[in-house]
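Q: So the chains spell out like this:
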Amino acid sequence: MKTRPRIGLYLLVALSVVISFLPIVWLILTSMKTTAGIYAWPPQYIPSPFTLENYIKILRDSPELLLYVLNSFIVGVGCTAVTLGIGGLAGYALSRLRLKYAAALMVAILAVSMFPPVSLLPSLFQNFLEAGLLNTYQGLILAHTGLFLPFAVWMLASYFATLPTEIEEAAKMDGMGTLRIFLTVVIPLSWPGFVATGLIVFIFSWNEFPLALVLMSQNAMRTAPVGISLYPGEYAFPWETISTATVIAIVPILIITAIFQKQIVGGLTAGAVK
Amino acid sequence: MKLASALDRRRHLTGYAFVTPTILVIVAILVYPVIQSVVLSFGQSSIDGSTGYTFVGLKHYASLMENERFWNALTVTLIFTVLTIPLELALGIGLALILNEHFKGKGLARLAVLFPWALPTALNTLMWRWMYNADFGLFNAVALQTGIADKPINWLGDPTLAMLSMVIVAVWKTSSFMALIILAGLQSIPKDLYEAGRMDGMTRWQEFREITLPLLKGPILVALVIRSMDALRTFELPYNLTDGGPVTATESLSLYAYKVIFDFIDFNFGAAVVVIQFLVIFALSLVYILALRPKD
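Chains as they are written, first to last, in the numbering used here: chain D, 22 to 295; chain R, 847 to 1142.
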């Protein structure tokens, strides 16, 4: 193995890294140019001068862009909390309590997870309109929870299935009820599973587009991807603002992904390989 | 025996109580709305339901069959799916093989592969739209300065180029997802299989063909089906890149359905579009479930 030329490998790695990062790097460079620099010919590959003016301008003149990020955050955290809570209970029951219809329920949950979100839109919009849930955090949290619960149940169930049964047996011998065993024994043992699932659900919710677009139509309630996409309105694209807002909206995801790389990759691939 | 069956019943009661909240949310958000969409597609009603509902049978489906824009959207979606999936698979396998090697900076490389997947498609698409920009975009800047092109290329304004541009964005974003799933599959292949292969004097290509590929069948199948379903329902990519244009050259089924429902405000006709789309995807997901079902 050692004698094989490594240069080819490193070239391929470098190429993949460059291609992966290119749009993001170009966006960040754009956000640090002056407006004249963005539309200059010959093109500026490196901003000259470097400026943070676009960031200051957003903070000062376009507070709605920060509001979008806040909305995404509230919906993401809410959806993750609810999904882990009720998905954890369901995943535990389906993988551990030897229910008669556990297998059928798991398959049904997998099947509904394949519904295209757009097929929900006409009726979900009407139902939310009637229930007064349009343009509310609870509304989009509920919708995202429904969308990502199937994934969470599957992931958590497969995590619970890897735990040894002895500890739960012992707790049962001590006369603990099922709910108490779940809360005080199972959850502390399976927090890595909850972390991985929670991170991915948060990213899913942060990135979700069609439902957020339709269910949060008021400007002040828009999530980051939707708000930034609709920001240009009918006029020309103000790229200095779009690029800066996009950088602000993706930084949280970049940080989460960088820190929890292992958990996310593990969680994403666990189900598919089994 | 009596005690055992009482305990059994209690366990089942608790178990189903644990499952109930999940089932309720899934029914409210996924199952019931899809049934409602089917009902809507067979009738005529107003947005808020105040003018009631009249059953019109297959009327909307009949007019769909004669609707050129619907057929165009279906064709665009299928072309997009057929173009992206093989490219993603090839690149995904290649990336996974690279990431399975040992080299310095592997963590960074894996992170670079993960980023395009982790970022919102809507915003990824805006980044690419900016690079494709005919007047100030990166691609035309490089093409013009190096002399590859002598006038700006209209990436998103030409029907063929626009479809191609859209495929490139999708492949860029999701090859990484393919790669990660295939990589996990690669890592679960026992090392001694390769040692045995080397004993038999296999070349690396033979190793790949005869050991790696057969054992990757499962993960590849899963990745393929997840990705095909994603491609069939692609929405924010054309929404943000081209808005379906030029004219309708990149208008996917999801985007067409969205426009029918929320731009033309025709919920019943739009429901018929999403039901057809649903059936296409459902047929595929049946294949998925059959393939994934544990064999016993």
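Careful: at least some of the hints might be erroneous.
Here are the simulated DSBU-like cross-link-like pairs (lysine-lysine), alpha carbons at most 35 Å apart as the crow flies [what the hints assert, rightly or not]:
1. D:K283 to R:K1105
2. D:K121 to R:K952
3. R:K1037 to R:K952
4. D:K121 to R:K1105
5. D:K78 to R:K1105
6. R:K1037 to R:K1105
7. D:K283 to R:K952
8. R:K1037 to D:K283
9. R:K952 to R:K1105
For the record, the hints were derived by calculation from the structure and aren't laboratory data.
Q: Evaluate each hint against the coordinates.
A: Here is what the structure says about each hint:
Distance check on the hinted pair: K283 of chain D and K1105 of chain R sit about 40 Å apart at the alpha-carbon level, beyond 35 Å; violated. With a C-alpha separation of about 45 Å, the suggested pairing of K121 of chain D with K952 of chain R is violated against the 35 Å cut-off. With a CA separation close to 20 Å, the supplied pair K1037 of chain R and K952 of chain R stays within the 35 Å bound. A C-alpha spacing of about 44 Å is found between K121 of chain D and K1105 of chain R, which places the hinted pair above 35 Å, so the restraint is violated.
Between K78 of chain D and K1105 of chain R the CA atoms are separated by roughly 34 Å; this keeps the pair inside 35 Å, and the hint holds. A hinted pair counts as satisfied when its Cα atoms are at most 35 Å apart, and K1037 of chain R with K1105 of chain R does not qualify at roughly 52 Å. The hinted pair formed by K283 of chain D and K952 of chain R meets the criterion: a straight-line CA distance of about 12 Å does not exceed 35 Å. For the proposed pair K1037 of chain R and K283 of chain D, the alpha carbon gap of about 22 Å is at most 35 Å, so the pair holds.
With a C-alpha separation of about 44 Å, the suggested pair K952 of chain R and K1105 of chain R falls outside the 35 Å cut-off, and the hint is violated.
Of the numbered hints listed earlier, those contradicted by the structure are 1, 2, 4, 6 and 9.
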